[in-house]
Amino acid sequence: MSEQIDEGLKSELQKQGIWVTSTQELYNWGRRNSIWPLQFGLACCAIEMIATAASRYDLARFGGEVFRPSPRQADLMIVAGTVTKKMAPQIVRLYNQMPDPKYVISMGACAISGGPFKQGYNVLKGIDRYIPVDVYIPGCPPRPEALLHAFMELQRKIDGQKLTGENKAAHLDRAQPSEFPVPAFGAHDLEPPSNLDLFRPPQIERV
Amino acid sequence: MESLEEIKTRVEAAVPGADISIIPNPGPANQPSLLIDNEHAPHVARFLRDDPALRLDHCSNVTGVDWLDRTVTKKVKVKKLVEGEEKEVEETHEEFFPGYLESVYHLYSMALKQGPVIIRMRTADRGEGARLPSLTPVYRSADFQEREIFDLYGIRFDGHPDLRRILMWDEFEDYPMRKDYREPDDYEYEPTPHDDVLEKAKQHYSTRPQLDGAEELTAQE
Chain A
1189 MSEQIDEGLK SELQKQGIWV TSTQELYNWG RRNSIWPLQF GLACCAIEMI ATAASRYDLA
1249 RFGGEVFRPS PRQADLMIVA GTVTKKMAPQ IVRLYNQMPD PKYVISMGAC AISGGPFKQG
1309 YNVLKGIDRY IPVDVYIPGC PPRPEALLHA FMELQRKIDG QKLTGENKAA HLDRAQPSEF
1369 PVPAFGAHDL EPPSNLDLFR PPQIERV
Chain B
3 MESLEEIKTR VEAAVPGADI SIIPNPGPAN QPSLLIDNEH APHVARFLRD DPALRLDHCS
63 NVTGVDWLDR TVTKKVKVKK LVEGEEKEVE ETHEEFFPGY LESVYHLYSM ALKQGPVIIR
123 MRTADRGEGA RLPSLTPVYR SADFQEREIF DLYGIRFDGH PDLRRILMWD EFEDYPMRKD
183 YREPDDYEYE PTPHDDVLEK AKQHYSTRPQ LDGAEELTAQ E
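Here the protein sequences come in this chain order: A and B. No gaps in the numbering here: position 140 of the first sequence is 1328 in the working numbering, and each next residue is one more. No gaps in the numbering here: position 106 of the second sequence is 108 in the working numbering, and each next residue is one more.
Source of the hints: derived by calculation from the structure; they are not laboratory data. Backbone N, C-alpha and C fix where the C-beta goes; we use that ideal spot for every residue, glycine too. Any given hint might turn out to be false.
Claimed, not checked - Pairs of lysine-lysine, DSBU-like flavour, derived with a Cα cap of 35 Å:
hint : chain 1 : residue 1 : chain 2 : residue 2
1    : A       : K1274     : B       : K89
2    : B       : K202      : A       : K1306
3    : B       : K202      : A       : K1274
4    : B       : K89       : B       : K79
5    : B       : K10       : B       : K181
6    : B       : K77       : B       : K89
7    : B       : K204      : A       : K1274
8    : A       : K1306     : B       : K181
9    : A       : K1345     : A       : K1203
10   : B       : K204      : A       : K1306
What the hints assert, rightly or not - Here are the in silico distance ranges between beta carbons for each label pair:
hint : chain 1 : residue 1 : chain 2 : residue 2 : range
11   : A       : E1253     : B       : T194      : 39 to 49 Å
12   : A       : L1201     : B       : D188      : 53 to 63 Å
13   : A       : P1389     : B       : N63       : 51 to 61 Å
14   : A       : S1243     : B       : A31       : 24 to 34 Å
What the hints assert, rightly or not - A short, non-exhaustive set of chain B residues, derived as facing chain A with CB atoms under 7 Å:
hint : residue
15   : E173
16   : E185
17   : Y191
Please work from the sequences and hints to get the whole structure.
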């Protein structure tokens, strides 16, 4: 384990041309530098996501340029845009089809909370009602720099994941679910309106 | 282009039995429209499209309007005999106007570069009678827009080739653009609620926990 290697010894060995590492470090280093996002966009945030992937901002610098058109090959879901209630079951289904380990970036005000369309009859008030979100980016839409920042935050998060022990990563823990129930189309709303195992509506205390 | 009155007289001559009236629209837009009876509407639309002087070949926009039931109270001064003496007494009359739904079509001519001529149709009521003839056989571009009106207002278009919901899912039962639509109660925190949202918010406020006096002691310390 990386904690068990003395940092001083490690640096001393490195000077002699011996590189010491741990499986966990190597594993996380490999994973964090090859995050393949799922190629789909929902609204104007998708345009910023495309800009991030293009030459000017160049997501390839972080190993995230390989947008996959199939959820079976993707590691990261960037929910870029307004999630309508009609679209939400499909998003959850795509998430369920992604193999572990998988991560979600909720990009923009709409994907976080419904944003400017929050009071609309057909807008989901945040994708975190149905699937777990790793990084939220506020903005309407967030600039490509913000998405890059979120990407780096995600890399930091992956770097800190443990392979063993009590706090090991969710995808290595059999007790943790990797799929979540797909909501059904109801007569007035999605059923259920949110996954209560994941999401609890905030308690409002005001007189 | 001809005035709306001229169009009206020509249409009435061309389509016998058509009942057409001009609905004024006071305001900055000032776009009066022709209200057409449901029975003759496809014939009238076909005339407007094919008439060589009009040639309204392009239906650019179709939309719906919801008019709720309303009661208008009027105060009328009436002369009456009160205790053997004639007096002016104010009486209030309540007049009831039943609600209805409308569909509005904006027609332009691409060939003659003129328009718009606005035509509208009215349903009998807002319930079972919310039916109108479809103009999709005349204007192909009305297809999706009539479906959208069906989806959001619940007007059934007779003669439409493929009348299904277009934006909401098929299992959905409400009509969200109707004025009496109530959305499902999934209220969340709003930083600055006001008006309708405030009313909604109040139902979700939990009451503060009962104070037992201990916090005052803490404040004194």
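Notebook entry, point to check: Has the hinted range 24 to 34 Å been met by the Cβ atoms of S1243 of chain A and A31 of chain B?
Noted result: violated, 47 Å
Next item on the list: Could you grab the alpha-carbon distance between K204 of chain B and K1306 of chain A and see if it respects the 35 Å cut-off?
Entry: Holds, because 18 Å separates the two Cα atoms, which is no more than 35 Å.
Next item on the list: With a cut-off of 35 Å on the C-alpha distance, tell me whether K202 of chain B and K1274 of chain A pass.
Entry: holds, 24 Å
Next item on the list: Using the Cβ atoms, figure out if E1253 of chain A sits within 39 to 49 Å of T194 of chain B.
Entry: For E1253 of chain A and T194 of chain B the Cβ distance comes to about 41 Å; the hint holds.
Notebook entry, point to check: Could one say that the CB atoms of P1389 of chain A and N63 of chain B fall in the range 51 to 61 Å?
Noted result: violated, 39 Å
Notebook entry, point to check: Minimum Cβ distance from Y191 of chain B to chain A below 7 Å?
Noted result: Holds - the Cβ of Y191 of chain B comes within 7 Å of chain A, reaching about 5 Å at its closest.
Note to self: Check whether the Cα positions of K1345 of chain A and K1203 of chain A lie no farther apart than 35 Å.
What the structure shows: Distance ~29 Å between K1345 of chain A and K1203 of chain A Cα, so the pair holds.
Check: When you take the CB atoms of L1201 of chain A and D188 of chain B, is the distance between them in 53 to 63 Å?
Finding: holds, 58 Å
Note to self: Checking one constraint from the list: CA of K10 of chain B to CA of K181 of chain B, max 35 Å. Satisfied?
What the structure shows: Distance of about 31 Å is within 35 Å: holds.
Next item on the list: Have a go at the E185 of chain B hint: is there a Cβ in chain A nearer than 7 Å to its own Cβ?
Entry: Hint on E185 of chain B: holds, closest Cβ of chain A at ~5 Å, below 7 Å.
Checklist line | Restraint status (C-alpha distance of K1274 of chain A to K89 of chain B at most 35 Å) | finding: violated, 65 Å
Notebook entry, point to check: Are the Cα positions of K77 of chain B and K89 of chain B separated by 35 Å at most?
Noted result: holds, 16 Å
Of the hints listed earlier, those the structure fails to meet are numbers 1, 13, 14, in rising order.
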